[in-house]
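Protein chains: 4
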Amino acid sequence: MTAPTSDHPTLDTSNPPLRLRHHCGVVGVHSPSEDRIPEKLFYALFSLQHRGQESAGIAYRNQGRLVVYKDLGMVSTVLGRYLREKRSSTVGIGHVRYSTYGGNKIENVQPVLASCNKGDIAIAHNGNISNAGTIKDALVEEGSIFQSSSDTELMLHLLARSRAVGFFAALRETLARLEGAYSLAMIHDNALVAARDPLGFRPLYIGRNGSVTVVASETCALDMLRIGDYRAVAPGEMIIADESGVRSEQILPSSQKAHCVFELIYFARPDSSVFGKSVYAMRKRMGAALAEDDPVRGDIAVPVPDSGNTAALGYAEAAGIRIELGLTRNHYTGRSFILPTTAERELAVRMKLHPVRSVIKGRSVILVDDSLVRGTTAGILVKLVREAGATEVHLRLSSPELKWPCYFGIDIPTRGELISNTLSSKEIADHIGADSVRFLGVDRLRSAVGTADDFCFACFTGDYPIGVRDRDKE
Amino acid sequence: MTAPTSDHPTLDTSNPPLRLRHHCGVVGVHSPSEDRIPEKLFYALFSLQHRGQESAGIAYRNQGRLVVYKDLGMVSTVLGRYLREKRSSTVGIGHVRYSTYGGNKIENVQPVLASCNKGDIAIAHNGNISNAGTIKDALVEEGSIFQSSSDTELMLHLLARSRAVGFFAALRETLARLEGAYSLAMIHDNALVAARDPLGFRPLYIGRNGSVTVVASETCALDMLRIGDYRAVAPGEMIIADESGVRSEQILPSSQKAHCVFELIYFARPDSSVFGKSVYAMRKRMGAALAEDDPVRGDIAVPVPDSGNTAALGYAEAAGIRIELGLTRNHYTGRSFILPTTAERELAVRMKLHPVRSVIKGRSVILVDDSLVRGTTAGILVKLVREAGATEVHLRLSSPELKWPCYFGIDIPTRGELISNTLSSKEIADHIGADSVRFLGVDRLRSAVGTADDFCFACFTGDYPIGVRDRDKE
Amino acid sequence: MTAPTSDHPTLDTSNPPLRLRHHCGVVGVHSPSEDRIPEKLFYALFSLQHRGQESAGIAYRNQGRLVVYKDLGMVSTVLGRYLREKRSSTVGIGHVRYSTYGGNKIENVQPVLASCNKGDIAIAHNGNISNAGTIKDALVEEGSIFQSSSDTELMLHLLARSRAVGFFAALRETLARLEGAYSLAMIHDNALVAARDPLGFRPLYIGRNGSVTVVASETCALDMLRIGDYRAVAPGEMIIADESGVRSEQILPSSQKAHCVFELIYFARPDSSVFGKSVYAMRKRMGAALAEDDPVRGDIAVPVPDSGNTAALGYAEAAGIRIELGLTRNHYTGRSFILPTTAERELAVRMKLHPVRSVIKGRSVILVDDSLVRGTTAGILVKLVREAGATEVHLRLSSPELKWPCYFGIDIPTRGELISNTLSSKEIADHIGADSVRFLGVDRLRSAVGTADDFCFACFTGDYPIGVRDRDKE
Amino acid sequence: MTAPTSDHPTLDTSNPPLRLRHHCGVVGVHSPSEDRIPEKLFYALFSLQHRGQESAGIAYRNQGRLVVYKDLGMVSTVLGRYLREKRSSTVGIGHVRYSTYGGNKIENVQPVLASCNKGDIAIAHNGNISNAGTIKDALVEEGSIFQSSSDTELMLHLLARSRAVGFFAALRETLARLEGAYSLAMIHDNALVAARDPLGFRPLYIGRNGSVTVVASETCALDMLRIGDYRAVAPGEMIIADESGVRSEQILPSSQKAHCVFELIYFARPDSSVFGKSVYAMRKRMGAALAEDDPVRGDIAVPVPDSGNTAALGYAEAAGIRIELGLTRNHYTGRSFILPTTAERELAVRMKLHPVRSVIKGRSVILVDDSLVRGTTAGILVKLVREAGATEVHLRLSSPELKWPCYFGIDIPTRGELISNTLSSKEIADHIGADSVRFLGVDRLRSAVGTADDFCFACFTGDYPIGVRDRDKE
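As they're listed, the protein sequences go chains A, B, C and D.
Under our numbering, the first residue of the first sequence carries the number 1, and numbering increases by one thereafter.
Under our numbering, the first residue of the second sequence carries the number 1, and numbering increases by one thereafter.
Under our numbering, the first residue of the third sequence carries the number 1, and numbering increases by one thereafter.
Under our numbering, the first residue of the fourth sequence carries the number 1, and numbering increases by one thereafter.
In isolation and in its complexed conformation, chain A is listed as follows (with noise of 0.2 angstroms):
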């Protein structure tokens, strides 16, 4: 059975990615007394930007009515009247969005609202339910519809076929049934609900001034709403925030956790934390210990700006080498015109990326960045450098090899399509033009974060902290 798909313009795919994508990012905001809660939300999800590109929204109580504004496109565009046309308001959520491939449909953006036999309520969710295929079958058998192929229709028919009564039972039942990943932020009634899955996955934070409470994916959007005061949501805990107050729950047991390292390594902003770490420090960490036994000693460190820009720095400080911002990156590429096709992917890259050729020419270059995927950038930057007179390249990346696919949230193409499946890194040299390739090894990428633990390293190892039951569907 397939979902309805919208014939809506698409943005962006008809090429696959070529960097790793994540679904989501989600926000909430509750006040006791009647305040501009969309403009907060727009100011949250502005800078949760980075985490969703392709599709914006929000959802919040006014006048009594649940209300729901969201459509394709940038934060700035699709909420930008808020700023203009307030709305008060005590509780709000809000969402951005990346799509998988091929899927960025309307239906498909977030939040998402129903009434069912629990109330209005509205969703927005931030990760990937491994085990929505099962689930969505059983409902299917007994009698529901489907009108996207969202996660969150998944969870709202559950929330209203649960027999539990009321909406918090409810909502305990139906998190027991999912498996995965989910950081999600809930309306119902005049009550902000976040809760976050038992492996924490992905991050959440919660963080109160005076008596607003703000939930976020990142403390980027807490400290852009001058909220000082946060800690992390706990993996298996919900927190309710309403007239009465701020309430948490530990509604599943989390003995295991399962935080997903590439939030470090390359999704969070380099100015928040996640997961009680300082997205920046870790990334010069990871740089650093990628430098720690390069045989390689370079003249220049250049990162690829701006993945790739904080474990530069790492890299040039333990490498005792100099680093150079000697490629310019123009922020100018918008999606206001049409993208290249597949050809003109080279034409892209050169649109974006300039080489500084005073600071390259007759140069050793260390280049730096935080991933390889399938390495067409890759190449194409590699053949920039050259042109502008380096006398070496050597690429080095602040992760491991990527093997495995993502179940929890992440875009990783098919194994077939990730070029560490297929060459060695002595291969991969060869094939896209560069002296030498390295990647960060796995035990010095857990060494380098330290709790490792509590992190999930399964792109790279395959080793998935759960079993992943709908795998084959994917």
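To be clear, the hints were calculated from the coordinates, so they are not data collected in a lab.
Certain hints may be false.
Said to hold, decoys possible - List time: in silico SDA-like cross-link candidates among lysine to any residue, alpha-carbon distance up to 25 angstroms: (1) D/K277 / A/L353; (2) B/K361 / B/R438; (3) D/K277 / A/S364; (4) D/K352 / A/Q49.
To be verified - Simulated DEER-style distance windows between Cβ atoms: (5) D/R81 / B/Q63: 56 to 62 angstroms; (6) D/G362 / A/E243: 35 to 41 angstroms; (7) B/R65 / D/E85: 26 to 32 angstroms.
The beta-carbon is built from N, C-alpha and C at its ideal position, and this holds for glycine as well.
Knowing the structure of chain A, use the given hints to seat chains B, C and D on it.
Then chains B, C and D, alone, in the frame of chain A:
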């Protein structure tokens, strides 16, 4: 329980509409060989634009997938792209829609698609299910979730919940549970399915040209597609068009009929046939009936364009006076600029309708329109005509006094808002400044229509063809 | 020498228009106290939309500055913002425009503003300067630069180059050099200035309501602003409205007049007066004159809506036959979707005009329209009417045969394209499939109009009121 | 006399800009064989986007006609269509632009096209004519009209008014009358013509690849088009590229030079060369010079991204301290939502720049930026860095104190608005809350740049390279 509400900008719901408004128009096309169905749906919906100007949408099967495209806006805006971007398809349906007051939500735009245990289904619906509230309460109780307030979503739930085996058995069961008005176009697998309620409230026609099968609310859509050979879908009839041909089945008994007489009075296009009758001919007969014993003999009959045009012709002929196009209409009035507030209503009318001074000056004018709802526009018009120099202004309406709400697909204001529930004809004349006001009597209307027992006159008489259980909920 | 050309997307110039088209409509408003001039200009231009649908613009003085806003598009689209964003102002002018073939350039959109030694000036122009080529050649020779191909820029150059002292002396000198048609609205300092060519080709009215002065191409714009007290600006007259009142000056002698008879036949709105005559009354007289000695007696007269409406009424009355609205017009046809290519012209007509089968079937139809240009649409219409079952179709035109180009503001195709230069009425009937075709004779038209010596009939007779020196350059 | 003013919505001029802004960037391409010039212009302008983000435009010869397309907006928005709609052409020019305060008028968008007695001409201009007022007064006196306030229209008038025979003679005469800064790209007939003022204020490069000739403001545009072989157009040099090849002529003597040092400090892209110098290398030298005798030794050097990046690198290396990317920049800040009012300026900065707490906390921070205009943003940034836990914040600017206006193409606020005209470094530090503020001394800047006598430092010293006659008019 309230339904979720979108904050998407609405087009025109700041004020209640001054005219009666329809819910919808539907169309469906099936062709056994790959054909440009979306293009055909565009042309058919374009000719049904008068049945709904607030949203438009189509669903069609393309390369095995069920695809939908719909949005707020006019047909030419929302669907114009399909004239450029041709899509091959063998089956599709389309919909145009007015919203109920304040309910112009993107979520309610049709067609609606869903996946369920009966397969992937798309539905476009014209009408109103009068027992929707009762059914919805039961469904919610059983654990269904509602993402809109549309009857269409309700039907999809019933189809999915049905224990009957197969789509068609479930459809029979579903339709048997529905009370009220429905003219449906659906896609299931590769089949176009159409059905009409047993009382035949709303029109629905089916026509063929070679192997192409088309269903549509009015014959003007069939004319547009150059389908010369058509007939009405019978009340209670289901039609299935697929690769093996066209099949018909009387799935519900239809002893009594209740065609909406307002389709003849105002809704349908004058060049259409509905309920087997020429709309133009019927309107001329209504106009003539109105003139029959009119004690006033004016100098000229002037229609309120375009709603009063045909009746005015009939009136003038029967009364033996001249018809003059003494009011001109500016058709550039679009929805592209913000409509005036209530206070500026007079300005809005002045932008649209203009008296021809040289025609009106010094004359006793018989102003002919189809119906009177609140009397607001009529008052402004009478004023305009007087300003242009009319010696007398007599308003004639080619329908009886509107007094009762409609539960079968027409937006009629509350009883209190209907001027005929508060004022007599004499008082209305005083109120709007006319020298006299006369309505077409119900009996004369019945005679003019001919087969009056097959029609519903409930909005004039309060004599509903079926019990209306959910009435209080409306 | 060619003029610069914009690559901005044009709206609708892929095909030559099927109807004759006007160049423009103009309006000007002056109020001694701060008033919302842009809003008034909006309403006035909205009522002149029929005189130009391809661009719209206004210029007004706001806080001491001369400000312009103009763009391609309809009045409601381009200028609708002024209903929301109120601007105080005491003087402003406005313009709507059709382009010549292929010349729908943003550069030519009016009003045009310029600074020169006579001050800051804004001009809106309706008409066509027949000696523009000669003047332009001289100006270019002297060192003027041209950024558009508009007559308006030409006038600004003449004003600036004039050695006369002061704006008004320069304006007198400038107008004395111009040949052809112009109805002008201008802003200079805080004054509204209007002027009309000595032959009075195009209409121009002036009206007052209290201290507010308005000039406009047609009286319908004055009606819209509720200006009841108006008169025509005389040929050769200049009017100045400023804080000290309204002054008039006959700046050019006007012994002979040459009002465009096509304004009465087709261009002006039926509720307008132009050249002191009711357009509606004139059209009925033309229709009646057309019927006078018509050897054919049809069953019904059917207008081609809306251009043939009023003439058809006159025809039916004079012929003593019934009028029937046997063709309905779909007014939703917008410019919002791409217009069909020539090959799809028939489809375009079918989307717009629909025969009412029950009226036409079995009848001999007198089809009444205003004029015949190429005959393309007429051929399709005759076909539609025949398909609807007419026993005979007789086409009647309320104007004589179009044979000559216009140098005074109307887009008439080349002589070779005009069907009446190639075929006789009999041959046209054969060509378009009609049983007969008859035009209104020039003499009958002259009688119907009344003061025929004051009118220009050159497009029918080739007898131009002034020599046309630049004719070959056009 | 004031110039006409457009009421078209401006993008961002409600507030004076916080940074210095450039007037423009130009590009020109010639190819002897039919080539896709608009596409090349797109890519070149895209890489010059940093030189002007408020409007973009191109002019090119297509099928014998000179065609222009320009609008307010970014390159990707305005010109993105040319990636889809290919146009063959052999010659074209392009332009990006910032406006002066409040002057973001559609009329001033370039290139400007005009027809005159020297033919059809298109001009794109980067710079500012310092005697424009005097020339304009004379032209107006002689009867020229001005439809904009641009220097470009001025040049077109001079070309048309010139009594010299032929375009090139007139161009020589015209340029000889101009004082100030101009880097020009022009189209005349089928030739690309480029010229640069004799002092060489603004950069202009010419490069060739096979038979394709390209001129552009910066080398990054040539790199984008893969033109490896380039040189600066010499001050006073005119270049003509047409079907017969490329010719150069020194049309004006150039004994003295006055390159704008701010191009090196801030405007040009770091990967560009301008004035024969690597921008990146120059900025590192400025940063190093700034560190040389800095009495403060911070723990870390933190650049204000991106303007302070390269100088901070130079500073850190010279000071022997670590560089940390302690402020991250959110590049999603677009122009697509309404920018905050002055009162919300801090919020705007917070949306764009974010401190990395883990880096800054407990550290003495050397914050490096390029220049200080009003000090508003700097004050907010110092506050942000302190909030993130810095023990000390020392602001270092890689340019001297800005004190004088620029008459040669840079928007510098009035002297009164420049903070360095009012406050000493010590006072500025107090004002913005920094522990210290230091500027790069003029002498050190001269040393860092190298060939300092060829540069203009007037905005720091008031020592203008040429008299500025129209100064008072500005």
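These are the hints, each one checked on the structure:
no., hint, result
1, D/K277 / A/L353, "holds, 21 angstroms"
2, B/K361 / B/R438, "holds, 23 angstroms"
3, D/K277 / A/S364, "holds, 22 angstroms"
4, D/K352 / A/Q49, "holds, 12 angstroms"
5, D/R81 / B/Q63: 56 to 62 angstroms, "violated, 29 angstroms"
6, D/G362 / A/E243: 35 to 41 angstroms, "holds, 39 angstroms"
7, B/R65 / D/E85: 26 to 32 angstroms, "holds, 30 angstroms"
Of the numbered hints stated above, the single one contradicted by the structure is hint 5.
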